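Please model the complete structure; the sequences and the hints are all you need to start from.
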Amino acid sequence: MAAPATAAGAGQGQGEGKEYPGRLTLYVFLTCAVAATGGLIVGYDIGISGGVTSMDAFLQEFFPSVYRKEQAARGGGGQYCKFDSQLLTAFTSSLYLAALVASFFVASVARSLGRRWSMFGGGVSFLAGAALNAAARDVAMLIVGRILLGVGIGFAGLSIPIYLSEMAPHRLRGTLNIGLQLMITVGIFSANLVNYGAARIRGGWGWRLSLGLAAVPAGIITTGSLFLPDTPSSLISRGHHEQARRVLRRIRGTDDIEEEYGDLVAASEASGAVRRPWLDILRRRYRPQLAMAVLVPFFQQLTGINAIMFYAPVLFKTIGLGGDASLMSAVITGLVNIAATFVSIATVDRLGRRKLFFQGGCQMLLCQIVIGTLIGLEFGASWDGAIPKASAAAVVALICVYVAGFAWSWGPLGILVPSEIFPLEIRPAGQGVSVAVNMLGTFAVAQAFLPMLCRMRFGLFYFFGGWVLAMTLFVAAFLPETKGVPIEKMGVVWRTHWFWKRFVADEDGRAGHRDVEMDYRKADGIAVR
1 MAAPATAAGA GQGQGEGKEY PGRLTLYVFL TCAVAATGGL IVGYDIGISG
51 GVTSMDAFLQ EFFPSVYRKE QAARGGGGQY CKFDSQLLTA FTSSLYLAAL
101 VASFFVASVA RSLGRRWSMF GGGVSFLAGA ALNAAARDVA MLIVGRILLG
151 VGIGFAGLSI PIYLSEMAPH RLRGTLNIGL QLMITVGIFS ANLVNYGAAR
201 IRGGWGWRLS LGLAAVPAGI ITTGSLFLPD TPSSLISRGH HEQARRVLRR
251 IRGTDDIEEE YGDLVAASEA SGAVRRPWLD ILRRRYRPQL AMAVLVPFFQ
301 QLTGINAIMF YAPVLFKTIG LGGDASLMSA VITGLVNIAA TFVSIATVDR
351 LGRRKLFFQG GCQMLLCQIV IGTLIGLEFG ASWDGAIPKA SAAAVVALIC
401 VYVAGFAWSW GPLGILVPSE IFPLEIRPAG QGVSVAVNML GTFAVAQAFL
451 PMLCRMRFGL FYFFGGWVLA MTLFVAAFLP ETKGVPIEKM GVVWRTHWFW
501 KRFVADEDGR AGHRDVEMDY RKADGIAVR
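Mapping the sequence shown onto full-length UniProt numbering, position 344 (from 1) lands on 344, and the numbers just tick up by one.
Simulated from the structure, these hints should not be mistaken for laboratory data.
Predicted model only: the values in this text are computed from it and were never measured.
Hints are not guaranteed to be accurate.
No farther apart than 25 Å at their CA atoms in a straight line, the calculated lysine to any residue pairs in the SDA-like style are these [to be verified]:
id, residue 1, residue 2
1, K355, P277
2, K501, P277
3, K489, E19
Okay, structure coming up:
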């Protein structure tokens, strides 16, 4: 039964979309699972960075000035500023600047060579960076290694979400795509466990183990990508039509693929007419998708999650937990992150994207306000002593609730939505824009978080809370529902949206592909006007 007609002021297509024959096959599940393991390299790096920068042996060897400030703070100095060092934050954030630059080149590789070779290239680069970091003798060697890691993340961050969205059956696209976010959370959790164990190694070389073990997730995606098929969309766009048919039959589990295949060919033909995707993406008809490709990852970074996950051990040390206790607290938040991601996997294709965005945003906003207020009331702006254990436990608990809200909303959906909204002709370029904005935002947050913590104190949580409020209101007003809509037919959600429809009227003067749009509106319960 169709849902009630959407009010004119909202225009959100809550639909089930067009049906293609087929089912979830073991083959498509396994290919998506292997591709999603690329998220391990992203998550492992997020988790490992903050851990090694809280290890005394690492700080003594590469950042002695930070180590001295930390020791002074233990004697009763200010807690907020003890990790404030631009060189230290450059170690973390240089990776994301490299990923930003790489993202502008990956789109061309993904378009000309296919998605899986982009994943392979990312794995190789990450392997090289892990080896260099583990053997580092000075800060310059560390940062060069981080740059290689960043190139790997740039390749993986663009190609894997597209691969998952193009391979998955449209009714389960959200579930399978969120497998990437699940692997990111597993990577973070694994890194936290490694850091906890490495910090207890006598002799001061535990940080080398933490950095060097990044080669494990890199090896998994590098090897796995060699056994993956390319997506039907990518094969068709490169002229391999018979191979595309074979892959489509296998991933759908049926010989009745002609309708979906025909739509993929039509999308590919439209794609072939686009010779300058980086310029064409600026055209008015693509304005809604471009806006989402910029604003969704931009807002995702301003939830404050990367600040917390990068520096969780550092942050917990700052609020007075000891070294081992701070690392164990980061392990706990990592476990919460994994568990909450399963909530998103179970609900994203039933409840839709918008409801999860809204609920998660409200939960994160409340936590940011309460955390900032708790710290501000008890410790003020100077914070010259350690935090009582009960209050530290309360902060850790609130951070866990905050992480859970992110893990079933802005975490997975910030990756899923940009990967599914672009037409084939500009899909790699659109995903390139999304990855570039994501990496630029991550770089900025990583570079600015410790100085902002030093200067804004507990007000930093209010800062991120204000952004969470803004992004929640933005989603409520401007993001159409995309669940259940085939990726090659996604244009209908923009043509029926109350705001975006003004940008996507057909340039040849036709009335919006009325035949296709009528079918979708009937399925989606949208009143036809």
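Results for each hint:
1. K355 / P277: Since the Cα atoms of K355 and P277 sit roughly 32 Å apart, the hinted pair is violated (cutoff 25 Å).
2. K501 / P277: Holds, because 22 Å separates the two Cα atoms, which is no more than 25 Å.
3. K489 / E19: Status holds; Cα separation ~11 Å.
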